[in-house]
Every structure is written in structure tokens, then in C-alpha cells.
Amino acid sequence: MTLRELLYRKSYKNIFNVIYKTFLKERKNNQITELSIKFENAFTELKSIEKQNKTKNLVVLNEIESEEEQIIDVCFYDDKQDEHYSLDFMDWGEIIDCEVVAPKKFNQTTIVAHILWEITFWGFSRKKITEERKELNKAVKEVEELDLEKLDIEDLDG
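Numbering (the working numbering), first residue to last: 92 to 249.
None of these hints come from the bench; they were simulated from the model.
A quick note: this is a predicted structure, and the numbers were derived from the prediction, not measured.
For glycine and all other residues, C-beta sits at the position ideal for the given N, C-alpha and C.
Treat the hints loosely; a few may be bogus.
As the list claims (entries may be wrong) - Within a straight-line C-alpha distance of at most 25 Å, the following computed PhoX-like cross-link-like pairs (lysine-lysine) qualify:
1) K225 <-> K101
2) K147 <-> K101
3) K171 <-> K147
4) K104 <-> K138
5) K171 <-> K225
6) K129 <-> K104
7) K219 <-> K129
8) K101 <-> K232
9) K101 <-> K112
10) K119 <-> K129
11) K101 <-> K129
12) K112 <-> K129
13) K129 <-> K218
14) K104 <-> K196
15) K145 <-> K171
16) K129 <-> K142
17) K116 <-> K129
18) K195 <-> K147
19) K142 <-> K171
20) K225 <-> K104
21) K142 <-> K112
22) K196 <-> K129
23) K171 <-> K116
24) K229 <-> K145
25) K195 <-> K145
26) K142 <-> K196
Said to hold, decoys possible - Ranges of calculated distance between the beta carbons of each label pair, as one might list FRET restraints:
27) N198 <-> V234: 32 to 38 Å
28) K219 <-> T113: 20 to 26 Å
29) K196 <-> V231: 34 to 40 Å
30) E222 <-> E141: 18 to 24 Å
31) N105 <-> K195: 41 to 47 Å
32) E236 <-> Y111: 41 to 47 Å
Construct the entire structure; sequences and hints are all you get.
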């Protein structure tokens, strides 16, 4: 099933309940209310994204257990590159029509909640994610252009 199909099958209220129970229980009520509105706007925007071309790329959820906690890892699998990537800077249009793969024990609401949590790490809209990605790329380029050999160690002291 694709992310788009999952979004249309599940109610926002149930999805946010999972987000709250998993990530937000320690937050103050006013923060929870504000985040609920932001997540709902992101949920609505995702559902409105234009249909994308069929792809073999996947959104993959895996369970990682550590001694302290259980973590659900969410990533993007690029079929052509045969690589997994983080979802947090992905354009939502690139993932909306990807098949979602997860362990059978995860229910659909939990799957959508974890994907929504992951993709909104840097912002709650496609536009904001694009802006943040551009800023990161700009910073990376500046670092790459920095000639470390010419940098005087005294310059690092501030």
C-alpha cells in the first residue's frame, strides 16, 4: 500500500493520538495543541499532493530494539541506487506514492504516525522542507569551498 492510500484510510485524530503517546506525552498542553494543528496541516497537505509517477522506491519502517527502548526507524529506499536514505529532507512528492513496507505487527495508524513524525522533523510543509534543504546544501557547499590548509589555527579561537 502506498503512503497516499494509507493517509486516506486513516483518520488524522487516530494518527495524532499515536504521535502524542509516542513522542509528546511530556509536552505542555499549549505545545500539544500547537503541534496538533501543525501535524494536521501537514497531513492535509500530503493528501493534496498531485499524483506521482509509479516508482519502485519504498518507504521502509524497521524496528530497532536497544536496551533502553524500542525505536521505529523510517527511511526511504532508492531502488536505482540500492540505498536507504533519511526521509527528513525528502520532498513529500517523492514519497507520497511510494509503497510502504513495515513489519506485520505495525498497524496502519502507527505506520502513518511514524512517517508523519519523521518527515516533519525540519518543518510542517513541503515549502519549509525545501527551504531547510537549500540551507543545508548551501552550508555544505561553503564547508567544501573552505580551504582548510590556508586557515590559520588562531582564526578558530574566535
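Fill in: Straight-line alpha-carbon gap K142 to K196, limit 25 Å
29 Å, violated
Fill in: K225 paired with K104 [C-alpha distance capped at 25 Å]
32 Å, violated
Worksheet entry | C-beta pair K219, T113: status relative to the range 20 to 26 Å that was hinted | 22 Å, holds
Worksheet item: Keeping to a limit of 25 Å between CA atoms, is the pair of K142 and K171 held or broken?
Response: 21 Å, holds
Item to complete: Given the hint that K119 pairs with K129, test it: the Cα-Cα distance must not exceed 25 Å.
Response: Holds - the C-alpha atoms of K129 and K119 are around 15 Å apart, at most 25 Å.
Practice prompt. Mind checking the alpha carbons of K101 and K129 for me, to see if they're no more than 25 Å apart?
Written response: Given that 25 Å is the threshold and the Cα spacing comes to 17 Å, the pair holds.
Worksheet item: Quick one, are K129 and K104 close enough, alpha carbons at most 25 Å?
Response: The hint holds at about 13 Å.
Worksheet item: Taken at face value, is the distance from the CA of K145 to the CA of K229 at most 25 Å?
Response: Measuring from Cα to Cα gives roughly 31 Å; hence the hint is violated.
Discussion item. For K116 and K129, compute the direct alpha-carbon distance and say whether it is at most 25 Å.
Written reply: 17 Å, holds
Item to complete: Check the following: the C-beta atoms of N105 and K195 are separated by a distance inside 41 to 47 Å.
Response: Cβ of N105 to Cβ of K195: about 19 Å, so the range 41 to 47 Å is violated.
Item to complete: With a cut-off of 25 Å on the C-alpha distance, tell me whether K145 and K171 pass.
Response: At roughly 13 Å apart (the allowed maximum being 25 Å), K171 and K145 satisfy the hint.
Worksheet item: Do the alpha carbons of K225 and K101 lie within 25 Å of each other, as the hint requires?
Response: 32 Å, violated
Hints 1, 8, 20, 21, 22, 23, 24, 26, 27 and 31 from the earlier list are contradicted by this structure; the remaining hints agree with it.
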